[in-house]
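Chemist: Sequence order for the protein chains is A and B.
Each residue of the first sequence is one higher than the one before, counting from 1 in UniProt numbering.
Each residue of the second sequence is one higher than the one before, counting from 1 in UniProt numbering.
Accuracy of the hints is not assured; some may be wrong.
Said to hold, decoys possible - Distance windows between CB atoms, simulated:
(1) Glu120/B with Pro176/A: 50 to 60 Å
(2) Gly145/A with Glu120/B: 53 to 63 Å
(3) Glu120/B with Tyr30/A: 42 to 52 Å
It should be emphasised that the hints constitute simulated quantities derived from the structure, not laboratory data.
Given the structure is predicted, the values throughout are model-derived calculations rather than measurements.
Note that the Cβ used here is the ideal one computed from N, Cα and C, for glycine as well.
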Amino acid sequence: MEVRLHGMWASPYVIRVIWALKLKGVEYEYIEEDLSDKSMAVLEYNPVHKKVPVLVHNGKPVVESAVILQYIEDTWPDKTPLLPEDPYERAMARFWIDFGQQKSLTYFAFFLTSEEDKHKTAAQVLETLKILEEEALGDKKFFGGNTINMVDLFFGWLAYSFGCMEHISGVQVLLPETLPRLHQWTLDFKQEHAIKENLPDSTALLEHFKRVTKRLKSSSNKFKPT
Amino acid sequence: MAASDVKVLGMWSCPYVNRAQLALSIKSTEYEFIEENTLQKSDKLLKYNPVHKKIPVLIHGDKSVCESCIIVEYIADAFATGPRILPSDAYDRALARFWTAYIDDKWYPLVKVLRQSDDEEERKSLVQKLSEGLILLEEAFIGCSKGMAYFGGDSIGYLDIILGSCLAWLRVTEKVVGVELMDPTKAPQLAKWAERLCSDDRVKAVFPSIDRLMELHELIQAFLKSSK
Chain A
1 MEVRLHGMWA
11 SPYVIRVIWA
21 LKLKGVEYEY
31 IEEDLSDKSM
41 AVLEYNPVHK
51 KVPVLVHNGK
61 PVVESAVILQ
71 YIEDTWPDKT
81 PLLPEDPYER
91 AMARFWIDFG
101 QQKSLTYFAF
111 FLTSEEDKHK
121 TAAQVLETLK
131 ILEEEALGDK
141 KFFGGNTINM
151 VDLFFGWLAY
161 SFGCMEHISG
171 VQVLLPETLP
181 RLHQWTLDFK
191 QEHAIKENLP
201 DSTALLEHFK
211 RVTKRLKSSS
221 NKFKPT
Chain B
1 MAASDVKVLG
11 MWSCPYVNRA
21 QLALSIKSTE
31 YEFIEENTLQ
41 KSDKLLKYNP
51 VHKKIPVLIH
61 GDKSVCESCI
71 IVEYIADAFA
81 TGPRILPSDA
91 YDRALARFWT
101 AYIDDKWYPL
111 VKVLRQSDDE
121 EERKSLVQKL
131 SEGLILLEEA
141 FIGCSKGMAY
151 FGGDSIGYLD
161 IILGSCLAWL
171 RVTEKVVGVE
181 LMDPTKAPQL
191 AKWAERLCSD
201 DRVKAVFPSI
211 DRLMELHELI
221 QAFLKSSK
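Put together the whole structure using the sequences plus the hints.
Modeler: Here it is in structure tokens:
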């Protein structure tokens with residue numbers, strides 16, 4: 001197979017690559033990795049970070065989901081463009097993707113929040129989502145306008161796995177009352193064919209996140225809110 | 001494009017700002033440089049970068065672009081003059097972006113921590129991590145340059161700008177700590193690349209002098225000590 005993707009079913013970093021490949025109609029072989037026992041392929045193809053996703057195209061590895069998505073866009077530009085053509089609009093799409101990456105510790109802090117910090121961490125997440133709703137989404141149906149683009153794929157985790165975080169922490173953040181437009185976006189996003197057909201099982205995902213939070217909370221306190 | 005249409009909000013000493021300046025210089029694009037005082041953010045900065053309130057900001061006409069890597073990619077896309085900044089091959093572009101993320105997320109932040117650290121054990125550990133990182137970057141250079149002068153090939157490109165902008169503060173840190181981080185015996189190609197890059201006229205015009213940065217470092221250290 002010309003294109004192979006090493007991934008893990010519950011990883012939001014992997015799923016956005018799957019969505020991009022599906023949208024582009026790129027055929028690929030998927031290899032599920034056990035992250036507690038990484039294959040030689042992952043260690044060989046990603047010696048610096050030793051993580052998934054790893055996309056291998058014609059024997060050459062590409063790693064880091066943001067880099068992979070950009071690579072997919074550059075390599076298969078004709079079908080379903082994932083970035084605008086205009087340089088400024090492209091820069092704005094990259095800006096919002098970078099914003100999401102910069103806020104990842106805020107999301108992790110909420111994910112791993114203690115009982116006493118849950119409202120504080122939830123408030124910090126809400127603040128970032130309000131900026132996203134107001135400045136990035138605005139009145140558009142999707143971040144990409146009338147069709148989804150790379151920014152939608154990047155924030156896609158809000159539409160399906162954020163609910164697990166809310167369940168585990170016991171605080172709901174992304175509600176129609178607090179974030180009406182972003183909430184609607186989560187519904188519209190999940191209706192898109194390539195997304196709907198490629199979402200992990202929600203029950204299995206919740207069980208997975210429960211296991212992960214238990215393991216991470218018992219091992220360290222590094223995600224305390226600032 | 002007239003200089004007044006393109007502005008850079010920044011500080012002379014900030015490597016992220018230097019990236020924007022160098023990219024514009026490679027594209028032979030004139031611009032107005034507006035010096036910001038980050039201890040007291042200007043109205044302009046708050047208007048053009050309301051989300052992060054940081055430099056650099058590139059103002060092009062009535063639009064603003066923030067975050068240094070995004071600015072450099074924007075300059076690469078928007079200005080047709082001058083040589084390519086990003087590689088033409090998609091895989092080479094992916095490599096450039098990968099190493100940029102490594103430099104900005106993992107490697108370069110350690111340089112500042114080292115420079116401001118008083119703890120001997122911490123310093124040792126940071127020097128070790130930075131040196132290991134430089135060996136990775138040496139391999140990256142060999143892979144990306146393909147025998148040519150720069151990461152970008154025969155002309156200064158994206159990764160040259162990204163890593164190149166880190167060199168000045170790296171040199172200051174070497175002086176402050178008294179250790180040679182970019183060791184020509186361990187990373188010979190990278191050491192030669194650094195010398196080659198820093199002798200380019202466009203780079204010399206943009207990157208700050210080590211002496212000036214040392215003075216700034218001493219001022220910052222004094223300020224930090226007095227505010228403790």
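Chemist: If a hint holds in the structure, say so; if it doesn't, say that too.
Modeler: So, going through the hints one by one against the coordinates:
In this structure the hint that glutamate 120/B and proline 176/A lie 50 to 60 Å apart at CB holds, the actual value being about 56 Å. Hint check: glycine 145/A to glutamate 120/B, Cβ distance near 55 Å, so the stated range 53 to 63 Å holds. Checking the proposed 42 to 52 Å range against glutamate 120/B and tyrosine 30/A shows it holds: the Cβ atoms sit about 49 Å from each other.
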